[in-house]
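**Q** One letter stands for each residue in the lines below.
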Amino acid sequence: MNFSVALQILISGLNLGCIYAALGLGFFVVYSVTRVFNLAQGEFVMLGGMLTASFYTMGIPLIPSILLAVIITALAGAGLYRFIMYPARKSSGVTKVFLTVGFALAIEGIALRVWGWEFRSLPAFFNSPSIQLWEATIFGQTPWVIGVTLLMVIGLFFFFGRTIQGKALRACADEPLGARMMGISIERMALFSFILAAGLGAVVGALITPLTMTSYSVGWPLTIKGVLAAFVGGITRAEGVILGGLVFGMIEAITAGLIPGGYHNAIAPGILILVLLFRRHGLLVTAGRE
Amino acid sequence: MMGQNRAILQMNDVHANYGSVPALRGVSLYIRQGEIAVLTGPHGSGKTAMLKAICGLLSVVRGKVLFSGLSIHSLSPEKIVALGIAYVDEMKLLFPSMSVIDNLILGAYHRHRKEGRDKIEQDIKTVYQLFPVLKERRKQYAGTLSGGEQRMLAIGRALMSSPRLLLLDCPTLGLAPKLVKKVMGVISELRDQGVTILLIEQKVRTAINIADRRYVMEEGRIISEGSLSG
Numbered sequence: 001m002n003f004s005v006a007l008q009i010l011i012s013g014l015n016l017g018c019i020y021a022a023l024g025l026g027f028f029v030v031y032s033v034t035r036v037f038n039l040a041q042g043e044f045v046m047l048g049g050m051l052t053a054s055f056y057t058m059g060i061p062l063i064p065s066i067l068l069a070v071i072i073t074a075l076a077g078a079g080l081y082r083f084i085m086y087p088a089r090k091s092s093g094v095t096k097v098f099l100t101v102g103f104a105l106a107i108e109g110i111a112l113r114v115w116g117w118e119f120r121s122l123p124a125f126f127n128s129p130s131i132q133l134w135e136a137t138i139f140g141q142t143p144w145v146i147g148v149t150l151l152m153v154i155g156l157f158f159f160f161g162r163t164i165q166g167k168a169l170r171a172c173a174d175e176p177l178g179a180r181m182m183g184i185s186i187e188r189m190a191l192f193s194f195i196l197a198a199g200l201g202a203v204v205g206a207l208i209t210p211l212t213m214t215s216y217s218v219g220w221p222l223t224i225k226g227v228l229a230a231f232v233g234g235i236t237r238a239e240g241v242i243l244g245g246l247v248f249g250m251i252e253a254i255t256a257g258l259i260p261g262g263y264h265n266a267i268a269p270g271i272l273i274l275v276l277l278f279r280r281h282g283l284l285v286t287a288g289r290e
Numbered sequence: 001m002m003g004q005n006r007a008i009l010q011m012n013d014v015h016a017n018y019g020s021v022p023a024l025r026g027v028s029l030y031i032r033q034g035e036i037a038v039l040t041g042p043h044g045s046g047k048t049a050m051l052k053a054i055c056g057l058l059s060v061v062r063g064k065v066l067f068s069g070l071s072i073h074s075l076s077p078e079k080i081v082a083l084g085i086a087y088v089d090e091m092k093l094l095f096p097s098m099s100v101i102d103n104l105i106l107g108a109y110h111r112h113r114k115e116g117r118d119k120i121e122q123d124i125k126t127v128y129q130l131f132p133v134l135k136e137r138r139k140q141y142a143g144t145l146s147g148g149e150q151r152m153l154a155i156g157r158a159l160m161s162s163p164r165l166l167l168l169d170c171p172t173l174g175l176a177p178k179l180v181k182k183v184m185g186v187i188s189e190l191r192d193q194g195v196t197i198l199l200i201e202q203k204v205r206t207a208i209n210i211a212d213r214r215y216v217m218e219e220g221r222i223i224s225e226g227s228l229s230g
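Line by line, the protein sequences are chains A and B.
With my numbering, letter number 216 in the first sequence gets 216, and the count goes up by one each step, no holes.
With my numbering, letter number 203 in the second sequence gets 203, and the count goes up by one each step, no holes.
Next up, chain A with everything else stripped away, as it sits in the complex (with noise of 0.2 Å):
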């Protein structure tokens, strides 16, 4: 294998990597608050891009067609939690992991319904044209996607870690009792955290817009691929999760770039389960706490 070669996959993996950590990321903010599996983000990042292709091809700017769709989807998101997961706050986990599904299912409904089955896309953002380096060809978007995954992971740390808020959606994951005693309302923070993952699933959906195209079906293969992600890297800390992203990135690269025929759809998935059969908990996570 040759330096282009190499470096072409180790971007595209970098590339990847950044859109499952993001992914990731979506599923870990209301896991961490709410410990339920919301198996509708990817619908939220379906939502993100379809409606940002919309509004541009409206002819709105870039900037707010993107601002428009993480609206619209973050109400999506609040309405998720307010008219579903709400009413159903003393189901069972598995209930309310079905009533998400039962949700994405729906989002992709009337998503066909108002767009119809064609796949949309967009111009790399602001039409930045591809980098040549060396041998590799870097496409435009792709320094879009690395960038903002980064602004938004460093956006994500700050928010739990120094603000008053983001602590306090850590303290409901870390013992919810206590946060009431604390006066810190659990409904309010699962609220929030469903609108914060549904924003951050739709910034989501416009970055890779330009890279794969979208369409009503795309949310589901990536809530599969974003759980994975997240579960390899152990979904209880971010950091694991952004690990798990880049990881399972960087392998479906690899595969992809060695292994004529499409198989990486099924060899990524399965190196992954391999790692999660030996270490249960994910790559960081080693104690027994859940």
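Incorrect hints may have been included.
Within a straight-line C-alpha distance of at most 30 Å, the following computed DSS-like cross-link-like pairs (lysine-lysine) qualify [unchecked claim]:
| # | chain 1 | residue 1 | chain 2 | residue 2 |
| --- | --- | --- | --- | --- |
| 1 | A | Lys90 | B | Lys203 |
| 2 | B | Lys125 | B | Lys64 |
| 3 | B | Lys79 | A | Lys96 |
| 4 | B | Lys203 | B | Lys181 |
| 5 | B | Lys119 | B | Lys135 |
| 6 | B | Lys125 | B | Lys139 |
| 7 | B | Lys119 | B | Lys182 |
| 8 | B | Lys139 | B | Lys178 |
| 9 | B | Lys125 | A | Lys90 |
Bear in mind the hints are in silico, worked out from the structure with no lab data behind them.
Position chain B relative to chain A; hints supplied.
**A** Coordinates of chain B only, in the frame set by chain A:
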């Protein structure tokens, strides 16, 4: 002292259940502002249930709970904390994977918007003065503290909400004798600063030294009440 005899907490014929099991069967009590009241009685007599009913963790099915004349028995725990009642559970309920200082900051959660950072940092210093070990351990995860340190952190965190009424469930449970004395000292110091305290204590003799009033519970009722400060 003025206002010494005003009731800060009044319970009238309060009934509450754990599921379908009655825990309180008509409790009436009257706690004056600025006193330490100690609750004693055998296991399962409803002492913890009483504290939980006051702070909203156990719903009151009949009767009334009044805090400074305000009826609170149908409010959520979040609202009750904001009114000035803090509860330290026997299990402590700390945030184990957060630092000591973050635990303290979150104790003041409901004050953040109104009072701002400076006031809260000032109060953290006050807690450090009461419990210097918490200052040494401020960056450590709460879950890594010893049992005694966790107990102190739980009390410190409750104080961060600047309560007018502090409910303590067995604050000296599992503590070494030296620490028991320390905690009792802090409790009477708080009383001198005007905080009213209602505590459950197994070591009746230690508590009685500092308490102004004693209630004895049995089977979900108060069976005797006596002033100790006379």
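**Q** Starting from the hint list further up, note which numbers the structure goes against and sort them upward.
**A** 1, 2, 9
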